[in-house]
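Protein sequence lines, in the order shown, are assigned to chains L and B. First residue of the first sequence: 8, per the working numbering; consecutive thereafter. First residue of the second sequence: 30, per the working numbering; consecutive thereafter.
By construction, these hints were calculated from the structure, which means they are not laboratory data. The reader is advised that the hints may include incorrect statements.
[To be verified] Keeping only pairs whose Cα atoms sit at most 16 Å apart, straight-line, the calculated EDC-like set for lysine to aspartate or glutamate is:
1) Lys66(B) with Glu10(L)
2) Lys132(L) with Asp41(B)
3) Lys132(L) with Glu192(B)
4) Lys132(L) with Asp191(B)
5) Lys66(B) with Asp174(L)
6) Lys48(L) with Glu192(B)
7) Lys48(L) with Asp191(B)
8) Lys132(L) with Glu38(B)
9) Lys132(L) with Asp76(L)
10) Lys84(L) with Glu61(L)
11) Lys132(L) with Glu119(L)
12) Lys116(L) with Asp38(L)
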Amino acid sequence: MSESHTFSAFLAPELESEIAITRRILAAVPDGHNDFKPHDKSMTLARLAAHVAELPSFASVTLTNPNFDLAAPNSYKPHVFETSAQNLAAFDSLAADAIATVNATSDEKFGEPWSLVYGDYEIFKGTRHSAFRAMAMSHLVHHRAQLGVYLRLLGVPVPKTYGPSADEQ
Amino acid sequence: MTTAEILLEDFDMEMAMTRRILAAVPEDRPDYKPHEKSMPLGRLAVHVATLPRLGINVLTSSGLDLATATWPTLTFASTEQLLTDFDTLSSQARTALANSSDADLEHIWRFTVGDRVLSANTRSCTFRHMFFSHMIHHRAQLGVYLRLNNLPVPGVYGPSADEPFTP
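Could you put the whole structure together from the sequences, leaning on the hints where they help?
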């Protein structure tokens with residue numbers, strides 16, 4: 008029996024489009040402002056840009072891992088921002104892996120249960136599809152938008168995303 | 030699974046998160062903006078609250094021509110009004126989505142300005158791009174505005190500095 012791929016056919020073009028938008032925002036991140044944060048409680052520019060770059064790796068976490076336990080040793084090794092070029096290269100590699108992972112995932116697998124836990128404590132429970140949506144795609148859109156505000160506050164021209172920005176019509 | 034069922038899988042969760050951010054919007058500074066080029070807080074909040082209208086439009090019309098379309102202005106009245114508008118529109122968007130067949134969602138929806146085509150993709154793809162992800166994008170900006178105004182920021186995909194993760 009051949010595997011059906013309704014989900015991946017549906018998701019891959021959208022993921023590719025979001026990756027292209029994200030790449031332009033990451034490419035606009037300047038070097039030399041790694042410690043910038045708009046507020047004491049905010050992430051630094053370097054951490055936020057690194058987080059956006061690493062989020063495509065959540066595709067394989069949600070689509071191939073049985074679940075994700077934050078309490079497990081070395082469950083999460085944050086990607087570290089060094090330079091904008093190095094960060095972009097890391098993103099490119101993870102983004103290519105994410106597209107390949109989505110394309111390789113069958114409908115049956117997308118429908119399997121998946122959970123995000125901390126030991127016995129359940130943070131998220133749903134299908135792999137809904138986990139991928141929330142943790143890989145929408146989460147990426149969320150932090151990328153924050154990064155756009157950081158660029159704005161640093162006086163860096165902001166690439167357009169879903170519509171024009173003040174700098175790009 | 031139908032395409033509508035696929036699209037509904039994360040609908041309620043995301044709309045609930047958006048509602049929490051909208052409920053945290055203050056009423057006394059709609060003109061605040063973090064930068065001269067930024068949207069003012071009131072306008073941004075109304076934009077987030079009323080984006081489901083675009084989702085409804087995508088699902089129930091054949092296209093949108095900006096040259097002739099009339100669209101309500103984004104004027105902030107009150108936080109209560111934001112939530113009322115959001116609740117009404119998100120409920121209508123949910124119904125419109127649930128009522129959409131696979132064929133409906135395959136329909137090519139045209140976004141134009143007169144003769145110029147801005148996009149012409151399937152309704153399903155346009156719904157995600159122009160409404161759903163677009164809403165998540167501006168909701169995140171709104172979270173930064175709350176932070177810069179020293180207001181507590183609800184946690185979205187994970188903990189925020191004000192809603193730490195406590196197992």
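Next on the checklist: Run the distance test for Lys132(L) versus Glu119(L): straight-line Cα separation, threshold 16 Å.
Outcome noted: OK: Lys132(L) and Glu119(L) at ~11 Å, within 16 Å.
With the threshold set at 16 Å, check whether the alpha-carbon distance from Lys66(B) to Glu10(L) stays at or below it. violated (49 Å)
### Message
Need the status of pair Lys66(B), Asp174(L): alpha-carbon distance at most 16 Å?
### Response
holds (9 Å)
| query | Taking 16 Å as the top limit, are the C-alpha atoms of Lys132(L) and Asp76(L) close enough? | reply | holds (12 Å)
Check whether the Cα positions of Lys116(L) and Asp38(L) lie no farther apart than 16 Å. With Cα atoms ~40 Å apart, Lys116(L) and Asp38(L) exceed 16 Å; violated.
| said: Hint check: Lys132(L) vs Asp191(B), CA-CA at most 16 Å. Holds or violated? | reply: Measuring from Cα to Cα gives roughly 23 Å; hence the hint is violated.
### Query
If you draw a straight line from the CA of Lys132(L) to the CA of Glu38(B), is it 16 Å or shorter?
holds (12 Å)
Against the 16 Å threshold, does the CA-CA distance of Lys84(L) and Glu61(L) hold or violate the hint?
holds (10 Å)
- prompt: Straight-line Cα separation of Lys132(L) and Glu192(B) no greater than 16 Å?
  reply: Measuring from Cα to Cα gives roughly 20 Å; hence the hint is violated.
- Query: Is Lys132(L) within 16 Å of Asp41(B), Cα to Cα?
  - Reply: Status holds; Cα separation ~14 Å.
Agreement of Lys48(L) and Asp191(B) with the hint, judged by alpha carbon distance not exceeding 16 Å
holds (9 Å)
Lys48(L) paired with Glu192(B) [C-alpha distance capped at 16 Å]
This hinted pair holds, its Cα atoms lying about 12 Å apart.
Hints 1, 3, 4, 12 from the earlier list are contradicted by this structure; the remaining hints agree with it.
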